[in-house]
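Which chain is which? The protein sequence lines are A, B, C and D, in order. The letter at position 241 of the first sequence is residue 241 when you use our numbering, and the numbering goes up by one with no holes. The letter at position 57 of the second sequence is residue 57 when you use our numbering, and the numbering goes up by one with no holes. The letter at position 25 of the third sequence is residue 25 when you use our numbering, and the numbering goes up by one with no holes. The letter at position 296 of the fourth sequence is residue 296 when you use our numbering, and the numbering goes up by one with no holes.
Honestly, the hints are just simulated from the structure, not real lab data. Hints may be right or wrong, so weigh each one.
Said to hold, decoys possible - Derived DSSO-like pairs (lysine-lysine); straight-line CA-CA distance at most 30 Å:
{"id": "1", "chain 1": "A", "residue 1": "K305", "chain 2": "D", "residue 2": "K112"}
{"id": "2", "chain 1": "A", "residue 1": "K166", "chain 2": "A", "residue 2": "K305"}
{"id": "3", "chain 1": "D", "residue 1": "K225", "chain 2": "A", "residue 2": "K305"}
{"id": "4", "chain 1": "B", "residue 1": "K68", "chain 2": "B", "residue 2": "K140"}
{"id": "5", "chain 1": "A", "residue 1": "K140", "chain 2": "A", "residue 2": "K87"}
{"id": "6", "chain 1": "D", "residue 1": "K305", "chain 2": "A", "residue 2": "K171"}
{"id": "7", "chain 1": "A", "residue 1": "K115", "chain 2": "D", "residue 2": "K305"}
{"id": "8", "chain 1": "B", "residue 1": "K140", "chain 2": "B", "residue 2": "K225"}
{"id": "9", "chain 1": "A", "residue 1": "K171", "chain 2": "D", "residue 2": "K225"}
{"id": "10", "chain 1": "D", "residue 1": "K305", "chain 2": "D", "residue 2": "K171"}
{"id": "11", "chain 1": "D", "residue 1": "K225", "chain 2": "D", "residue 2": "K112"}
{"id": "12", "chain 1": "A", "residue 1": "K171", "chain 2": "D", "residue 2": "K171"}
{"id": "13", "chain 1": "D", "residue 1": "K140", "chain 2": "D", "residue 2": "K225"}
{"id": "14", "chain 1": "B", "residue 1": "K305", "chain 2": "C", "residue 2": "K115"}
{"id": "15", "chain 1": "C", "residue 1": "K338", "chain 2": "B", "residue 2": "K171"}
{"id": "16", "chain 1": "D", "residue 1": "K338", "chain 2": "C", "residue 2": "K338"}
{"id": "17", "chain 1": "B", "residue 1": "K171", "chain 2": "C", "residue 2": "K171"}
{"id": "18", "chain 1": "D", "residue 1": "K305", "chain 2": "A", "residue 2": "K305"}
{"id": "19", "chain 1": "C", "residue 1": "K225", "chain 2": "C", "residue 2": "K269"}
{"id": "20", "chain 1": "B", "residue 1": "K140", "chain 2": "B", "residue 2": "K87"}
{"id": "21", "chain 1": "C", "residue 1": "K112", "chain 2": "B", "residue 2": "K305"}
{"id": "22", "chain 1": "C", "residue 1": "K338", "chain 2": "C", "residue 2": "K269"}
{"id": "23", "chain 1": "D", "residue 1": "K166", "chain 2": "A", "residue 2": "K171"}
{"id": "24", "chain 1": "C", "residue 1": "K68", "chain 2": "B", "residue 2": "K171"}
{"id": "25", "chain 1": "C", "residue 1": "K171", "chain 2": "B", "residue 2": "K225"}
{"id": "26", "chain 1": "B", "residue 1": "K305", "chain 2": "C", "residue 2": "K140"}
{"id": "27", "chain 1": "A", "residue 1": "K112", "chain 2": "A", "residue 2": "K64"}
{"id": "28", "chain 1": "D", "residue 1": "K91", "chain 2": "A", "residue 2": "K112"}
{"id": "29", "chain 1": "A", "residue 1": "K225", "chain 2": "D", "residue 2": "K305"}
{"id": "30", "chain 1": "C", "residue 1": "K140", "chain 2": "C", "residue 2": "K338"}
{"id": "31", "chain 1": "A", "residue 1": "K115", "chain 2": "A", "residue 2": "K171"}
{"id": "32", "chain 1": "C", "residue 1": "K68", "chain 2": "C", "residue 2": "K140"}
There are 4 protein chains.
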Amino acid sequence: MLRLGIIGATGYVGAEIVRLLALRDDIEITTVVSNSFVGQPFSEVYPSFRGIYDEICDGLDLDKVADKADFFITALPHGVSTAVIPKLLDKGKRIIDHSGDFRFRDVRVYEKWYKVTHSSPDLISQAVYGLPELYRDRIKNARLVADPGCYPTCSILGIAPALDRKIVSYKNIVINAVSGVSGAGRRSELSYAFCETAENFKAYGVGNHRHTPEIEQELSLICGKEVIVSFTPHLAPMKRGMLATICLDLIDTDVTADDIRSVYLDYYKNEPFVRILPLGQLPQTKLVSGSNYIDISINVDTRVKKLVVVSALDNLGKGSASQAIQALNIMAGFDETKGLLTPGQYI
Amino acid sequence: MLRLGIIGATGYVGAEIVRLLALRDDIEITTVVSNSFVGQPFSEVYPSFRGIYDEICDGLDLDKVADKADFFITALPHGVSTAVIPKLLDKGKRIIDHSGDFRFRDVRVYEKWYKVTHSSPDLISQAVYGLPELYRDRIKNARLVADPGCYPTCSILGIAPALDRKIVSYKNIVINAVSGVSGAGRRSELSYAFCETAENFKAYGVGNHRHTPEIEQELSLICGKEVIVSFTPHLAPMKRGMLATICLDLIDTDVTADDIRSVYLDYYKNEPFVRILPLGQLPQTKLVSGSNYIDISINVDTRVKKLVVVSALDNLGKGSASQAIQALNIMAGFDETKGLLTPGQYI
Amino acid sequence: MLRLGIIGATGYVGAEIVRLLALRDDIEITTVVSNSFVGQPFSEVYPSFRGIYDEICDGLDLDKVADKADFFITALPHGVSTAVIPKLLDKGKRIIDHSGDFRFRDVRVYEKWYKVTHSSPDLISQAVYGLPELYRDRIKNARLVADPGCYPTCSILGIAPALDRKIVSYKNIVINAVSGVSGAGRRSELSYAFCETAENFKAYGVGNHRHTPEIEQELSLICGKEVIVSFTPHLAPMKRGMLATICLDLIDTDVTADDIRSVYLDYYKNEPFVRILPLGQLPQTKLVSGSNYIDISINVDTRVKKLVVVSALDNLGKGSASQAIQALNIMAGFDETKGLLTPGQYI
Amino acid sequence: MLRLGIIGATGYVGAEIVRLLALRDDIEITTVVSNSFVGQPFSEVYPSFRGIYDEICDGLDLDKVADKADFFITALPHGVSTAVIPKLLDKGKRIIDHSGDFRFRDVRVYEKWYKVTHSSPDLISQAVYGLPELYRDRIKNARLVADPGCYPTCSILGIAPALDRKIVSYKNIVINAVSGVSGAGRRSELSYAFCETAENFKAYGVGNHRHTPEIEQELSLICGKEVIVSFTPHLAPMKRGMLATICLDLIDTDVTADDIRSVYLDYYKNEPFVRILPLGQLPQTKLVSGSNYIDISINVDTRVKKLVVVSALDNLGKGSASQAIQALNIMAGFDETKGLLTPGQYI
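One chain only, chain A, in its complex shape (with noise of 0.2 Å):
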C-alpha cells in the first residue's frame, strides 16, 4: 500500500486527486495538508467526500507530516513549494510538485516570469518535468517531479509531434487557448464571482502568462532552436476543459491532413491517453471532462499554409490532478493507466 500526503489538499486540484484516489486499494491518501482547513474533516470542505474521505486536515508541520507518508503531491502557490520540498527530499520522500517552481531548467527564465527569487536553484536540475508522453522513463525514478501546466499539456502535446518531425517551422507559432474557470483555483475574488463570470467571455494575460516561458522550453528541447510562441489565453463560462488552438506554419506545402495524422499516431502510438482524431473530427471539452485523455486533431489550411491543431484535456485531469495521478502510477512502479481510463463526463 503506496502512502501518499497531499499538501494543499483543499484546493480544487488536491480535492480532484482526492477524488480519483479516494476508492484506489493500491493507494492510501494517509494525510491531508490543508492551510485554511485544519482540524476540520476533508468531508465538510468538500462535502461530496461525506462517507466517503473524512480524515482530518493536518496543518503544515512539516515534521508531523513527513512521517505520515512516502510520497507526497504538492499543490501550493509558487515559491511556497520552494521552502517545503528540500524538507521533504531531506526526508526521503518522492514527490510530484504541482507549482511552477521546478518546472524550469534555467532558473532565470523563471525568476523572470514569476518575479520572484528561486529559494532551492540547486535543486532544479534533479527535478523531472512530469510529461509521461516526453520524460516518461526520467519520471521512474525520479525523486521530484514537476506536475506541467495545463496550458504547457494541452500545446506542448499538441505541438510535439509536428515540431520534431520537422513539418512546420519553430517560428511564427501562434497558440490561443481556452480555460475553464477551475484553472484559477479555489479562489473567492470577485472576478470569478458567478455573476461576473457567466455568459462572458474574455482574454486575459495577452503576451505575459506564466505557462508561455514554459512552453518555449519544451518546444525547443524537441527542435533544438530558440523557440518563441505567441500565446494567448482566454476564460470561457464552464468550471472545466481546456481547448487550445494552434498555428503552424507548414515547411513542406505538400503534406496533407492525412500524412501529419499519420504522422501523430505513429508519434502516439503507446500513448494510452492521447486520442488522435480522424480526420474531420474537432476536440471538445466535453469529451475529455474528469478523465486524463487528450484529444487532438489535425488540420490543414491549404490557403494559407499552415498546419491548425486543435487539442482538448480537463484542466484539472491530464492539465494537473489526473496527469499528477499518471506519473505516481509511473514513479511507484505500478500499471501507468491505474484509475485513469474512466471516459470522460459527456453530460
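Let chain A serve as the given structure and place chains B, C and D on it in line with the hints.
Okay, now just chains B, C and D, sitting in the frame of chain A:
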C-alpha cells in the same frame, strides 16, 4: 463475467450506464442496442468513449440480441418497453426496465396517467419496484425490476422515515422539486436548446406530472393510507441534478429536528447511499453529481409546525442509471456498492 | 430635470438603476455614491458604461452629496440605511430605500428577524411600502419609500388577489421560491464563485429567511388575519431571475382555474406590469429578465384542492431596481411606466 | 413614422430587432413575417413580448406584405434572400438583408464558399456592405444593404486601422474567434441542446467558415492587396457574445502599443459605437452584451513582434440586429445612434 445488454443505450441514461460499467471487470456490456445509431460505434455517438468503449450499436432485433446477454437494462420510452420485455422474459433473461411501464401495481393508475393501454398487464405482478432501500430482498430474485423515476426516488426516500414512523401526517404533503435538463433525455426539441434553457428557470407539469402517482403509490404502501400529494416539478439551467423540498405536517409539534434526524439515521442505518446531513446543513446537487448518493436534510419550522425535508440526488445517478446498477449488483449477487462508491463531482 | 443621487451605486442593484436611467431625458443621475470606489469613474467599476456614464463615484459625505440631488435611492446594507436616511430626510430629500430597514410596520418584527436594534424607529410610521400595486396612492406623496424585497414582491403579488377575494385560506400557505445568484449582491464570497455555483442547485435559509416576515406582514394586512407562511428560498445557477411556486388551500373547491384567473385579471386590470398568463401557460424567468414585468400563472390542482400560483420576475427588475424606478416615477409625477416597458431579454 | 417590415422575424435576429424597435416612436413594425408561425401572435412565439408586441405573424406572401411597409429587414437563410429581395426592390422598397447573399462583390467567391448559384447576380453591384464605420456615406442612399456577418464585423473593425495605416503586414493574419450559441440561430438541432453545449467549448469550421472570404474581401479593399487569413471560429457555452483574438505581424517593430492605440483612436474618432480600451484593459463579452458597442484592445507582444488585437461585440447586437438598425437609422435619415446607446447588460 456477467453479460449485460443495454437496450436504448444511446440516450443519456444508457450512456451513463456505459460510463459506470465500462471499466468493471465483473460485467461485460455485450450489446448496446439503439434505434437511431444501428451499425455505428458507440464511441461515435458519444466520442468521450473513444478507445474505451467502441462497440457497434445493434438494432432492436430481439432474436439476435437476446442471445448476447443474460441481463438486460432497457431504457426505452414507456409503451415501448411493454413490447420488448415479455419477449426477453420468455427467453429467460432478467431485466431492469427504466420506463414507467412496470412501476405501478394498479394498471389503471398507469393507464390513466400515461394515457396508453398497457399491453402486458399480466407481468405487472412479478415486477419489483427497484428501490433497494425499500425492496432489497425482493430485488434479489426478481426477473423484472422497474427502475424508479428520479422525482419519486428523491421524494420517497425523503419522506419514508417520517411517514413510516408517524412523525408527519399523510395528508397535505407538498413536494416542490427541481431537475437538471438531462432529465428530459437526449432530445433535439427547441425547448431544450441552450439558448432557450440557459439563464432560465421554470415550473412545468403543475399537478399532472406522471411521477406523481408513482410517489403516491409508494407513500400509500408505507403508511397504509391513500396518500395524495401536491407535486410541482421545475427545470433549472444545469445538466444534472435533482433537489426536492418537501413540506410535511408534524403530528407531534414538540418533536425536535434532532429527534427526527435520529429516526432518519436509524431508518437508513444500513443504507450505503443515503446520507442524512448534520442539522443545519442543506443538500446541494453538485455534492451528489455523477454519484449514487442521496443527501437528505431535516428541518423543523416550528412557526408553521412543519417538517421541511430537502433531498438531493443526481437524476442520472441515484435517479436512474446508477440506481439501476445498484439493482443489478443486488440481482447478480455482487457487492451492492460495487463501482458505485465514487464521490460526486464537486467541480 | 429630476436630480437623482444613488447611494450604494456600485452594487448590482445600483448598477441596474444606472443602466435603466442613464439614457432618460427627464432624470439626471447627479451623484453616484460608493464606499469601495470613491474617486473612480463609475465606468471603471462597470466598464459596460464606458462612454455612457463615466461620472466619478463620490464618497458618503452627506453634507457634500445631499446638495447634489433632490431624490435619492439608497441601496445600502440594512442597518446602514437607518444611519443615512434621517439626515437626508432632514435636508428635505425624498428617498427610496432598498434595504429592509423601513419595510416593517412593527419595529419588533424587524429587530427580531434582522437581529439589530433599529436606530430610527420614529421614521417607520412615515415610510411607505413601495409596492405600487398595493400602495400607489401613498407612494405619490411619500418622503420615504421602502422598496420591497424580491421574494416578497414575487410572493405577495402572486397571492394578493386570491387572499383578498377569499378564494384561499390564509392558513397553510407554502411558498417555494428560487433566485438567481445576483440576488446575493456583488460579493466575493467563495460560495458565490462560479465553480461553486454553476451546475448546482440548493435550498438555503429554510424557515428563517428575512423576507418571510415581510411577506407575512403584507398578507396579514390584506386579509385582516395573522398570516404565517412556510417559505423556502433556493439558489439556481443563473445570474438573474426569480420564480415562486405557491401552494394555497382552496376554500370553495368547486371554483375553477378560469374563475380564479378572472379574479386576478380584474384585480390587476389597471396594472401595467402584472401579466396574468393564459391558462396552461407557465412563467419562465427569461421572459421577464431585465424587465419590470411579473408573470403570474393560475393552476388548480383539484386532486389536492389547492390553487398553485406560479409567479416570475427579475430579482434585479421588478424585484428591486426597476420597481424602485417605478416608485420614483410615481413620486415625481412622471408617467409611471416611463422607461420601464422594455420587454424581457428572451435570449 | 417609418413603416418597417421584418421578414424572418421569428429567428433570434428578428426577435432582437423587435426588442430594440418595439418602443421606438419613430418606427412602426407594420409586419412580422414568419415561415413557421403564420397566424400566431408574435408574443406567443416569444412570450417576453406579451402586452408589448402582440401582432400576428404574416406569411411570406409578398404581394400582401410589401404594401405594409417601406423598409424591410430580411433575416432569411442565404439563398432564400435572393428569391425575395428582387421583388421587394421592384416594388420600390429599401432593404437591409441579413444573409450572406449580397455581401460579396465577386459572385464567384460567394458561390464557391456558399456552394449555391446566385440567382440575382445583377443586384450585387447596387448592394452596399452595411458596416457604417467603412461605408456610412454609401449606406445613406442605398436601396439594398447587406448587414455584415458577426465574425467579419468583429474582425474587420479590429484590423482596419492597423492595416490601413500600414502598421501591420497584410500577410500572416491569424484570427481566432469565439461565438455564443445564439450565433447558430434558433435551432432545435441536438448539437445546440443545453446538455450538449453547456460546460463545453469547441472549435468548428476550421479553415472553411463562410465568414472567411467576407473578412478577406473587406481587408483586401482596405489595403489594396489580396488578403488571405487563417480564421478559426469556436463555440462557447453562453447565449450571446463574440470575441476575436487577432494576431498581426508588425511592420515596424519599434512601434509601441500607445502609438497604435492613438492610430485606432484617430481612425474611429467619429464612431459612436467603437470603444478603444485603455492600454492594459481587455474586452469581455458581458460588457457589450445586448448593446451595439464593439470594444477593442491593443496589445503589442514585442517578443514575437506581433500586434494582438482583441475585439468583442454581441453577435446579436453589433454583430447583427442592432447593426442593422444602425444602418436603418442612417438610411432613414434618423440620428444614427437613436435607440442604440444602451449600455451592455453587465449582469
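Status of each hint after checking the structure:
1. A:K305 - D:K112: holds (19 Å)
2. A:K166 - A:K305: holds (15 Å)
3. D:K225 - A:K305: The hint holds at about 18 Å.
4. B:K68 - B:K140: Answer holds: K68 of chain B to K140 of chain B is near 22 Å, not above 30 Å.
5. A:K140 - A:K87: holds (21 Å)
6. D:K305 - A:K171: The given pair, whose Cα atoms are some 12 Å apart, holds under the 30 Å limit.
7. A:K115 - D:K305: holds (23 Å)
8. B:K140 - B:K225: Distance ~27 Å between K140 of chain B and K225 of chain B Cα, so the pair holds.
9. A:K171 - D:K225: It holds: about 24 Å lies between the C-alpha atoms, which stays within 30 Å.
10. D:K305 - D:K171: Holds: K305 of chain D and K171 of chain D sit about 14 Å apart, inside 30 Å.
11. D:K225 - D:K112: Cα-Cα ~20 Å, so holds.
12. A:K171 - D:K171: This hinted pair holds, its Cα atoms lying about 15 Å apart.
13. D:K140 - D:K225: Distance ~27 Å between K140 of chain D and K225 of chain D Cα, so the pair holds.
14. B:K305 - C:K115: Given that 30 Å is the threshold and the Cα spacing comes to 23 Å, the pair holds.
15. C:K338 - B:K171: Status violated; Cα separation ~48 Å.
16. D:K338 - C:K338: holds (17 Å)
17. B:K171 - C:K171: holds (15 Å)
18. D:K305 - A:K305: holds (20 Å)
19. C:K225 - C:K269: With a Cα-Cα distance of about 26 Å, the restraint between K225 of chain C and K269 of chain C holds, given a limit of 30 Å.
20. B:K140 - B:K87: Status holds; Cα separation ~21 Å.
21. C:K112 - B:K305: holds (19 Å)
22. C:K338 - C:K269: Between K338 of chain C and K269 of chain C the Cα gap is close to 19 Å, so the pair holds against 30 Å.
23. D:K166 - A:K171: holds (23 Å)
24. C:K68 - B:K171: Judged against 30 Å, a Cα distance of about 60 Å means the pair is violated.
25. C:K171 - B:K225: holds (24 Å)
26. B:K305 - C:K140: Violated: K305 of chain B and K140 of chain C sit about 40 Å apart, past 30 Å.
27. A:K112 - A:K64: The hint is violated at about 35 Å.
28. D:K91 - A:K112: violated (68 Å)
29. A:K225 - D:K305: It holds: about 18 Å lies between the C-alpha atoms, which stays within 30 Å.
30. C:K140 - C:K338: holds (15 Å)
31. A:K115 - A:K171: Holds - the C-alpha atoms of K171 of chain A and K115 of chain A are around 27 Å apart, at most 30 Å.
32. C:K68 - C:K140: Holds, at about 22 Å.
Of the hints listed earlier, those the structure fails to meet are numbers 15, 24, 26, 27, 28, in rising order.
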